[in-house]
Amino acid sequence: MQRGAEGSAFTQWIGTRLRRFEPGKVEIEIDLRPNMTQHHGQAHGAIIGYLADTVSAWAAASLAGDVVTAEYKLNFLAPARGETLWARGEVLRAGKRQVVVRADVYVTQDGTDTLVAVALATIAPVGKAPKTTPEASTAQESP
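Numbering (my numbering), first residue to last: 1 to 143.
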């Protein structure tokens with residue numbers, strides 16, 4: 001996952017960092033900079049969308065290999081004002097043709113995390129799946 005981040009000029013510009021990784025679950029974060037805000041001083045929706053899309057794709061890729069985003073729906077819940085934005089992606093179902101992922105995006109301000117957006121993404125595998133442990137495969141099959 002980190003190699004993918006380092007390979008993308010846009011991801012490097014954003015400053016994406018991997019916080020947590022396990023098969024089917026990924027967390028990433030960025031520092032919120034002034035050039036990422038809109039006219040009200042909160043994170044621009046495109047930055048929040050980027051986090052939701054990226055964490056969804058990375059969570060799916062952890063199980064399905066190379067992937068592309070087919071679609072996502074993003075609900076904004078609260079203004080994102082703070083120092084750090086972070087997102088958690090969790091695979092809900094991994095099939096051969098599509099992986100469904102939930103992404104939650106948070107802002108951290110003064111040590112407090114606030115949920116600012118929720119996304120549901122459909123991710124399409126386009127390559128070979130990585131090898132995972134039997135424990136990870138079993139966890140994905142459980143409801």
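Hints may contain errors.
Dumping the calculated SDA-like pairs for lysine to any residue here, alpha-carbon to alpha-carbon at most 20 Å [unchecked claim]:
#1 K96 x L120
#2 K96 x G65
#3 K128 x W86
#4 K128 x Q98
#5 K73 x W86
#6 K128 x V100
#7 K73 x N35
It should be emphasised that the hints constitute simulated quantities derived from the structure, not laboratory data.
Problem - Violated hints, by number in ascending order, as checked against the structure - result: 3, 7
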